[in-house]
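Produce the complete structure using the sequences and hints provided.
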Amino acid sequence: MSLEQEIKLKVMQEAELDLSALTWLTALLATQPYKQHLVSTYFDTADRALMQFGVGLRLRQVDSQWLQTVKCRGEAQDGLHQRKEWEHKLAGPAFDEGLLAETDLAPLIDNKAVWQAIKPVFTTDFERVVMPLQLEDGTQVEMAYDRGVVKAGDKQQNIHEIELELKQGDIHKCQQLAASLKRSLALEYSDISKAEQGYAVSQLIEK
Numbered sequence: 001m002s003l004e005q006e007i008k009l010k011v012m013q014e015a016e017l018d019l020s021a022l023t024w025l026t027a028l029l030a031t032q033p034y035k036q037h038l039v040s041t042y043f044d045t046a047d048r049a050l051m052q053f054g055v056g057l058r059l060r061q062v063d064s065q066w067l068q069t070v071k072c073r074g075e076a077q078d079g080l081h082q083r084k085e086w087e088h089k090l091a092g093p094a095f096d097e098g099l100l101a102e103t104d105l106a107p108l109i110d111n112k113a114v115w116q117a118i119k120p121v122f123t124t125d126f127e128r129v130v131m132p133l134q135l136e137d138g139t140q141v142e143m144a145y146d147r148g149v150v151k152a153g154d155k156q157q158n159i160h161e162i163e164l165e166l167k168q169g170d171i172h173k174c175q176q177l178a179a180s181l182k183r184s185l186a187l188e189y190s191d192i193s194k195a196e197q198g199y200a201v202s203q204l205i206e207k
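Numbering (the working numbering), first residue to last: 1 to 207.
Any given hint might turn out to be false.
With a straight-line Cα cutoff of 20 Å, these simulated EDC-like cross-link-like pairs (lysine to aspartate or glutamate) come out [to be verified]:
#1 10 x 191
#2 151 x 196
#3 119 x 104
#4 35 x 142
#5 84 x 97
#6 155 x 125
Keep in mind that the hints were calculated from the coordinates and are not lab data.
Written out as structure tokens, the structure is:
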């Protein structure tokens with residue numbers, strides 16, 4: 001289990017950002033940026049038992065690698081999201097119940113009526129540019145620029161955002177970086193996670 005701390009910034013324009021034009025940002029690169037294609041399927045029951053319990057469950061494919069992730073609801077304020085997270089690599093697109101039993105999802109796995117009722121609810125599909133950054137005092141931040149969609153049935157919404165995940169060091173340095181980005185680009189702090197956005201889209205097809 002780890003405590004995920006990240007700042008989310010929503011991009012307030014349709015056009016793709018040119019992050020390479022920010023020379024002060026590229027000067028912070030610890031290694032070269034790289035691209036990923038991420039497809040994630042989020043699971044719950046028809047009556048949203050997992051959401052009500054305060055946990056999220058997803059299977060994610062990052063290029064050719066499969067991951068299972070459990071996240072708790074946590075807290076979000078002024079774009080800063082803090083929550084417990086369990087993430088494990090998988091050999092394929094099937095949950096490892098043994099590993100899930102070691103997370104906060106365990107009570108729902110033990111409830112067979114709930115566990116057997118889980119099903120895919122929505123999917124996110126986006127391209128990510130990852131920029132590993134080295135800040136002052138040894139603070140390390142993984143900056144992710146995401147563009148894509150969240151889909152449920154025949155409904156979808158765009159994803160266009162930046163995430164700054166603290167890997168090591170001082171969260172205040174990460175917040176200072178977010179403020180600098182916000183001054184330089186068309187960004188706003190966002191307290192809405194991709195999972196929350198997905199649940200909102202899924203409600204559109206249930207009405």
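### Query
What are the numbers of the hints the structure violates, in ascending order?
none
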